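Going down the list, the protein sequences come from chains A and B. Just so we're aligned, residue 8 is where the first sequence starts under this note's numbering, counting upward by one. Just so we're aligned, residue 10 is where the second sequence starts under this note's numbering, counting upward by one.
These are calculated hints, taken from the structure and not from any lab test. Computed from a predicted structure; not experimentally measured. Wrong hints could be hidden among the right ones.
For each label pair, taking beta carbons as the anchor points, the in silico distance ranges come out as [stated by the list, open to error]: (1) A:Leu305 with B:Ala229: 35 to 41 angstroms; (2) A:Leu273 with B:Ala46: 51 to 57 angstroms; (3) A:Ala111 with B:Ser165: 55 to 61 angstroms; (4) B:Ala46 with A:Arg451: 41 to 47 angstroms; (5) B:Ala229 with A:Arg338: 26 to 32 angstroms; (6) B:Gly176 with A:Gly54: 51 to 57 angstroms; (7) A:Ala334 with B:Pro44: 50 to 56 angstroms; (8) B:Pro44 with A:Gly152: 47 to 53 angstroms; (9) B:Leu326 with A:Ala351: 25 to 31 angstroms.
Computed far set for chain A versus chain B, every beta-carbon distance over 10 angstroms [stated by the list, open to error]: (10) Ile67; (11) Leu81; (12) Gly95; (13) Ala242; (14) Asp245; (15) Asn252; (16) Gly253; (17) Gly300; (18) Arg327; (19) Val406; (20) Tyr413; (21) Gln414; (22) Asn497; (23) Ala508.
Every residue, glycine too, gets a C-beta built ideally from N, C-alpha and C.
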Amino acid sequence: MSAIPLPASADAALTRAPASVVLPLPRTRGKRGGGWPLSWVAGAALGVSLLALVPLGFVIWVAVQTGWETASALIFRPRVAELLVNTGLLVAVTVPLCAVLAVALAWLTERSDLPGARTWAWLAVAPLAVPAFVHSYAWISMVPGLHGLSGGVLVSVVAYFPFLYLPVAAALRRLDPGMEDTAASLGLGPWGVFFRVVLPQLRLAICGGSLLIGLHLLAEYGLYVMIRFDTFTTAIVDQFQSTYNGPAANMLSGVLVLCCFALLGLESSARGKERYARVGTGAARLPLKRRLGRFTALCLLLPALTTMLALGVPLVTLLRWLVAGGAGVWRLGEIGPSLAQTLALALAGALLATLAAVPMAWLSIRSPGRLQRVLEACNYLVGSLPGVVVALALVTVTVRVALPIYQTVATVLLAYLLMFLPRALISLRAGIAQAPVELEHAARSLGRTPAQALWSITMRLAAPSAAAGAALVGLGITNELTATLLLAPNGTRTLATSFWAYSSEIDYAAAAPYALIMVLLSLPMTWLLYIQSKRTAGR
Amino acid sequence: MKFSLPSLATAMALLTGLTGAPLASMAQTAPAVTPSAEGIVVYNAQHASLTKAWAEAFTKESGIKVTLRNGSDTELGNQIVQEGKATPADVFLTENSPAMALVDAAGLFAPLNPAALNEVPAAFRPAHGRWVGIAARSTVFVYNKAKLTPAQLPKSMLDLASPSWKGRWAASPAGADFQAIVSALLELKGETQAAAWLKAMKENATLYKGNGVVLKAVNAGQIDGGVIYHYYRFGDQAKTGENSNNTELHYFRNQDPGAFVSISGGGVLASSKHQPEAQAFVQWVAGKGGQEILKTGDAYEYAVGVGAQSHPKLVPLADLQAPKVEPSKLNSKKVTDLMTQAGLL
């Protein structure tokens with residue numbers, strides 16, 4: 008799947024602060040007659056959420072239709088147990104490793120006097136610009152024998168740890184050093200302070216980032232095919248390639264959905280209910296940078312090694328294949344259309360997702376309530392489903408009941424919309440929260456209709472956030488592989504699917520230009536993400 | 010919402026076709042048909058590069074536009090069955106016969122013109138005439154020369170089920186190629202024996218995704234040998250040999266299930282609204298134009314047309330002692346069911 012889907016929840020953690028600054032808003036409007044925009048907007052939000060439920064409804068419908076006997080024969084078999092063990096082990100080993108690495112790097116770059124800390128901080132985020140399947144392409148070119156759980160874990164850690172680094176570093180920057188001082192004055196040593204005071208305050212960031220990584224591990228296809236490690240997602244695609252949308256593929260997809268829900272449940276119970284906000288007068292002072300002293304060289308080793316593995320390996324391999332391939336691999340007649348189609352899809356998908364996010368984002372700020380919370384949760388839930396599940400559902404639904412949009416660009420865009428809506432939603436919501444409702448009221452008192460006021464005031468003020476959200480959606484689409492493989496209209500080849508076609512034929516040199524273009528397209532977005540995380544932390 | 014990405018792609022494909030090498034020698038092998046503006050849609054499970062070469066040369070000769078949808082045999086076959094009469098496909102090309110049999114069993118193929126059928130000898134097409142062979146490939150055992158001597162090679166593909174081969178051979182079970190080999194095994198030896206062999210395979214074999222990946226692993230010495238098709242090694246040797254220089258091919262011969270020669274098929278969908286163009290394409294691929302590309306190109310699959318020559322580097326088809334299997338009887342559904350039961354899928 009995509010390599011840089013934006014931190015649905017990590018990002019939520021980052022943007023939570025601005026959202027909560029806004030005062031609870033006009034209740035009156037929802038109740039009285041002037042509420043047409045509300046009902047209209049609510050209708051639109053309801054529509055989008057119901058659409059988002061299509062894949063989920065489909066999984067249930069197929070399970071019911073298949074019948075218990077066939078379903079249980081396809082679910083309770085040794086192969087599924089094998090996949091469950093593989094997938095479970097992958098998540099259980101990778102996520103803690105990522106967490107340790109991310110916390111260590113974040114502490115070094117934020118709270119110590121590590122030389123070049125700013126540069127290392129950026130380098131810890133940059134691996135996100137390399138799609139996960141390009142990471143594994145690099146690794147198996149360099150270490151051809153790499154495979155199985157150990158190989159899968161290694162590549163997953165280098166590809167995904169930034170998802171934890173980002174929120175952990177942002178949280179570390181915001182901590183009030185006063186608490187640490189108090190703990191130290193009460194007799195705790197530096198390690199005691201770290202484990203008993205600092206680490207517990209990072210809990211939300213760690214939980215959110217871990218969830219994000221876990222969901223990616225469940226959804227990723229390309230990475231594990233190359234590294235020869237079977238997970239549910241690879242097995243579903245195998246079945247798809249053998250039987251199209253046969254019952255075995257759909258049952259596996261049902262089990263995968265349950266795995267996702269298990270992760271979501273696990274995260275929400277691990278999050279806890281502690282208070283993390285600071286109480287006290289005045290502003291917190293800047294945290295002191297701890298002197299590393301004679302350990303500096305040793306500590307430099309960690310970011311250096313990480314950068315070498317997470318950035319060095321992909322870059323060296325790409326360069327090697329580009330040099331080996333020479334000018335011959337730059338088949339412009341193929342690369343040009345691939346690039347054009349990818350950009351067209353990314354642009355259209357980003358626009359669509361942003362538009363679809365408007366009603367829900369507006370509701371959640373201007374008129375929060377129980378219905379709105381449920382609807383919003385639907386969108387996040389479906390956004391957490393792997394691309395292969397969404398694609399499989401859309402293939403079957405369109406071929407059976409919606410033939411006119413079967414195999415059209417519309418279906419691909421719909422899949423992108425369902426998968427990436429949370430990114431657009433989160434950004435837009437933060438933007439709308441920062442647009443004062445009083446300005447909207449003023450516009451209306453000057454004679455604008457509610458819709459005009461919404462459009463000319465709130466939307467305009469929220470435009471930068473909307474653009475950031477759209478960019479993140481576009482980025483996700485640019486690097487999306489699995490759903491695109493299943494849904495692309497006849498004759499469409501994106502950068503990711505072209506890369507995949509060549510690397511599956513072991514023509515690594517011909518695949519290299521596509522990988523390079525994807526990385527170059529992703530770099531600005533990754534930079535944006537980095538800047539954004541700094542800004543929300545106020546530094 | 011339906012903007013024209015496909016037509017953009019086709020335009021570019023045409024452009025590259027026009028600037029490609031002139032194919033003067035193959036002038037006028039395409040039957041004369043008036044081209045329509047939309048052209049034809051080909052669901053292509055053959056190697057993408059081979060069909061691209063076919064399509065470009067065909068378009069250049071006939072002026073008929075060809076849009077490709079690439080996928081694997083049974084994926085596209087099942088897809089056509091699901092789509093039924095609404096399928097956008099005009100032509101279906103496969104690597105192996107089982108997917109053709111699948112679509113045919115659903116009654117979705119139109120009978121081919123006698124002109125197209127006559128391009129191919131009876132041995133390489135089903136008697137019912139609803140599809141033809143367009144190419145063929147042979148099963149082989151590729152092995153690492155440093156790991157195995159000719160004396161240590163398996164005499165039959167069935168030997169690979171013995172415990173002595175545990176952890177020593179590889180295959181790509183999710184691919185249509187390997188599934189076609191299993192379908193031949195099923196047809197030749199029956200369900201009980203095929204199921205037992207697959208069960209042993211689950212124990213013994215290391216599973217990869219893609220025959221090229223198997224070849225690469227054998228070459229690197231990660232595994233002793235693997236069951237794949239012949240042309241992967243020839244193709245790699247013609248390029249750099251980087252993934253095959255340490256390997257050699259072993260042909261099982263003796264009518265062994267492992268000597269199975271798989272026929273790639275081409276057929277026209279009955280629902281196609283472009284019958285003459287679709288028929289012309291299949292006839293062209295099975296005829297001189299398409300077969301010449303097999304002989305001279307870098308696909309290294311066997312040519313099957315009447316009097317057509319295969320690439321001179323290949324072991325002649327007649328020397329392979331392949332078992333006799335009726336291509337229209339190969340059953341892909343049964344194979345995937347058996348493989349799912351064996352835990353290979």
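For each hint, the structure was consulted:
1. A:Leu305 with B:Ala229: 35 to 41 angstroms: Holds, at about 36 angstroms.
2. A:Leu273 with B:Ala46: 51 to 57 angstroms: holds, 56 angstroms
3. A:Ala111 with B:Ser165: 55 to 61 angstroms: holds, 56 angstroms
4. B:Ala46 with A:Arg451: 41 to 47 angstroms: Hint violated: Cβ distance 53 angstroms, outside 41 to 47 angstroms.
5. B:Ala229 with A:Arg338: 26 to 32 angstroms: With Cβ atoms ~28 angstroms apart, the hint holds.
6. B:Gly176 with A:Gly54: 51 to 57 angstroms: Roughly 55 angstroms apart at Cβ, these two residues keep to the hinted range, so it holds.
7. A:Ala334 with B:Pro44: 50 to 56 angstroms: violated, 34 angstroms
8. B:Pro44 with A:Gly152: 47 to 53 angstroms: Check passed, 51 angstroms falls within 47 to 53 angstroms.
9. B:Leu326 with A:Ala351: 25 to 31 angstroms: violated, 45 angstroms
10. Ile67: holds, 20 angstroms
11. Leu81: Label violated. Min Cβ-Cβ 8 angstroms, cutoff 10 angstroms.
12. Gly95: holds, 18 angstroms
13. Ala242: violated, 7 angstroms
14. Asp245: violated, 4 angstroms
15. Asn252: violated, 7 angstroms
16. Gly253: violated, 7 angstroms
17. Gly300: holds, 46 angstroms
18. Arg327: holds, 13 angstroms
19. Val406: Incorrect as stated: the minimum Cβ-Cβ distance to chain B is 5 angstroms, not above 10 angstroms.
20. Tyr413: With a cut-off of 10 angstroms, Tyr413 (chain A) comes too close to chain B, as the shortest Cβ separation is near 8 angstroms.
21. Gln414: violated, 6 angstroms
22. Asn497: violated, 4 angstroms
23. Ala508: violated, 6 angstroms
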